[in-house]
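The primary structure of each chain is shown beneath.
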Amino acid sequence: MNNPNPISILMVDDQPGKLLSYEAILSELGENLLKASSGREALEQLLKTDVAVVLMDVSMPDLDGFQLADMIREHPRFQKTAIIFISAVHLTDVDRVKGYQRGAVDYISVPVIPELLRAKVSVFAELHRKTQQLERLNRDLELRVAQRTEELRASESQFRTLANSIPQLAWIADSDGSVFWYNQRWYDYTGTSLEEMQGKGWHRVVDPKHVSRVVAGIERSWDSGSSWEDTFPLLGQHGGYRWFLSRAIPIHEADGRIVRWFGTNTDITEQKLAQQRVYESEQRFRTMADKAPVLIWVSGVDKLCTYFNKPWLEFTGRTMEQELGNGWSEGVHPDDLERSLEIYRTAFDERRPFSMEYRLRRADGEYRWMLDNGVPLIGPENAFSGYIGSCMDMTERKLTEEALIKSEKLAAMGRLAGIIAHEINNPLEAISNAFYILRRHPSLDQEARYCADLAEQELSRVAHITKQTLSFYRESQQPVPVSLSDVLDNVLELQSRRIKANGITLEKQYRNGAVIQGFPVELKQVFLNLIGNSIQAMPEGGRLRVTVEEGTEESTRRQGIRVSISDTGTGIDPRYTKRIFEPFFTTKDTKGTGLGLWISRGIIQKYEGTIQFRSLRLSTGNVTCFSVFIPGLTSPRSVELSASLTAG
Amino acid sequence: MLQDKKVILCVDDEENPLLLRKLVLEKAGYDVITASSAEQALGVVFSRRIDIVLSDQLMPGSTGTELARQIKARRPDLPIILFSGVNEIPADAECADLFLSKVEGPATLCEKISMVLGGAITTREP
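So the sequence lines, in the order shown, correspond to chains A and B.
Those letters in the first sequence? Residues 47 to 694, by this note's numbering.
Those letters in the second sequence? Residues 2 to 127, by this note's numbering.
Among these hints, one or two may not hold up.
[Unchecked claim] These stretches of chain B come out as covered by chain A in the derived footprint (C-beta under 8 angstroms, 3 or more residues):
1) 20 to 31
2) 99 to 105
[Stated by the list, open to error] Over 12 angstroms on every C-beta distance to chain A, these chain B residues come out as not near it, computed from the model:
3) K6
4) E15
5) L43
6) V45
7) F47
8) D52
9) G62
10) V87
11) L118
To be clear, the hints were calculated from the coordinates, so they are not data collected in a lab.
We treat Cβ as the ideally placed atom computed from N, Cα and C, and that holds for glycine.
Make a model of the complete structure from these sequences and hints.
Below, the structure written as structure tokens:
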């Protein structure tokens with residue numbers, strides 16, 4: 047039997063024969079057998095070798111077994127060495143107790159039964175071997191513990207170095223939340239010591255306004271084991287508070303138990319101030335924007351609108367919620383929406399300013415023309431944050447522009463009219479004079495005189511048309527007394543041929559002599575236009591009624607003279623009622639200049655008067671009436687009540 | 002009545018119209034002296050008897066209103082009619098007694114001349 051890891055068994059006996067017999071019995075165990083024939087020898091062996099079991103005879107001549115056992119036990123190295131006594135004499139219980147007291151672990155009586163001896167020794171040998179293994183194991187463990195401790199020490203030192211180098215304040219608490227370590231930055235910032243701070247000591251550096259909330263919050267976390275976060279000011283060593291974002295996370299053991307809390311406090315004072323500044327500047331912007339006389343909007347990087355100022359909301363009569371995002375586009379005129387969105391999107395993607403016009407529905411439902419100017423918002427470091435735009439109601443401006451264009455057109459027409467007037471009127475006068483002379487020349491025969499007469503009539507037509515269309519003529523700088531009845535009679539006289547030719551019935555009612563201060567030529571022009579239009583409207587005949595009466599203008603209560611010219615002609619298409627006083631507006635195709643009524647109104651307005659008309663289309667026929675009101679004191683002559691005259 | 006024909010100084014830069022106007026006025030019973038410019042008219046107007054001046058407005062050199070002002074400066078009593086193919090009344094037309102359009106025709110012209118000569122003052126005052 048070979049043991050791979052033999053232990054030593056020391057056999058002590060003064061009789062060599064016994065030693066030999068023990069050796070024979072134990073050799074089977076395969077252990078290392080040592081022999082000593084005296085106590086002294088045994089001690090020498092023990093010192094040299096690690097002996098697992100000592101097998102000794104109690105009765106030996108110089109040093110008996112008990113004495114030897116005492117000596118062995120005194121040495122610390124052998125306190126646990128197993129000693130088996132072999133005694134040839136009968137052992138009393140007293141002897142046994144004595145032996146046990148000396149550290150004997152067992153007794154074997156003589157005669158030795160080989161199996162028994164082998165078995166007992168073998169037990170102790172095995173025990174020793176196990177003990178040896180345990181010791182080795184223990185040493186290994188101790189070594190590993192030492193290594194681990196060293197590692198931990200290194201890692202802890204690393205951690206602290208790390209914890210001291212981070213810009214945050216940091217701390218570690220027990221599982222119950224009592225803080226036992228802070229990093230250096232904590233002490234640097236708070237100017238406190240661990241003694242003051244440990245446990246719940248940190249409460250005193252939290253802003254008193256926040257402390258109860260903070261403590262309640264963190265205690266909830268201690269209880270629930272969930273991480274904690276809060277923002278509050280901490281007192282610095284120089285007395286001022288700074289804002290910190292504080293977080294704590296639990297550190298778990300392998301079994302899930304919380305062993306530590308690790309916390310940090312990050313100084314966010316600058317962010318907080320920046321936020322405050324942003325907030326304040328935002329507030330300032332809104333206050334300004336709400337007081338601005340224009341409509342303002344702001345959009346984010348996603349093109350969606352994030353803000354509308356008060357004037358915008360008041361203009362559209364909608365709420366911020368309705369307008370936000372793309373809501374504002376609901377107010378844009380459907381005909382303008384697609385084009386406007388296209389301009390907006392294109393400019394937005396290219397980050398360039400834009401300007402566009404569209405109609406936006408006002409709170410009262412009316413669409414107004416808006417001029418919308420948008421610019422990209424570029425912050426520091428070229429950060430693009432969206433667009434801001436301002437809108438102005440430019441409806442009035444647009445109308446003014448249109449009017450300006452119109453009046454420029456008119457001015458150009460006027461200049462042109464001046465040139466044409468000069469170039470036509472000069473030869474016209476000469477020709478008129480020539481025919482004037484010619485027609486009265488005594489040498490003319492009947493036919494020549496007739497021709498000259500016709501030529502003169504035609505010339506007067508030309509003269510009339512140039513006067514009417516190319517002139518803003520006044521014969522005098524000073525107004526003179528003008529009888530409107532005379533003017534009307536004059537006009538009717540001029541038109542008598544056409545009235546007759548068209549088969550028109552003429553009714554005149556002059557209730558007033560109606561003398562006003564004015565310029566006869568231009569007044570004549572007004573009534574020539576109105577009466578001329580009436581005659582033209584009745585190519586198939588009809589009734590022309592001309593009345594003059596004193597009257598009061600209803601809207602202003604002004605006293606004055608009203609001249610009405612009504613006819614039963616074709617009437618005025620309701621579509622044109624708004625336009626008939628516009629320059630160059632005509633319903634007569636190429637026959638009309640489109641200036642007659644416009645000029646007439648201009649003239650009457652100079653007298654602070656008005657021209658109005660009404661056109662009724664009835665199943666029994668149409669009635670169109672133009673009514674001219676000229677305010678002012680009149681100097682009535684004799685009231686002429688003239689009977690209806692029938693021409694034709 | 003016919004002791005003296007009234008004398009009209011007729012001013013126009015255009016030859017034919019001036020000639021034809023002269024004929025019309027002569028037919029109407031006036032003596033007519035012509036001048037083809039304001040400068041020429043000024044050379045005549047103070048050196049002999051003139052009862053009324055009938056001047057074109059737009060002429061090369063001085064205009065009708067300038068002529069009228071110069072005449073009125075020395076002869077405020079001498080009636081002046083400005084006569085124009087351009088119907089815009091010039092800004093300083095008040096220096097003349099009457100501003101008349103050429104397209105009014107010969108009859109009106111004669112009528113107005115007679116009116117100005119014969120007591121136009123009363124008709125121009127309210």
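If any of the earlier hints don't hold here, list their numbers in rising order. 4, 10
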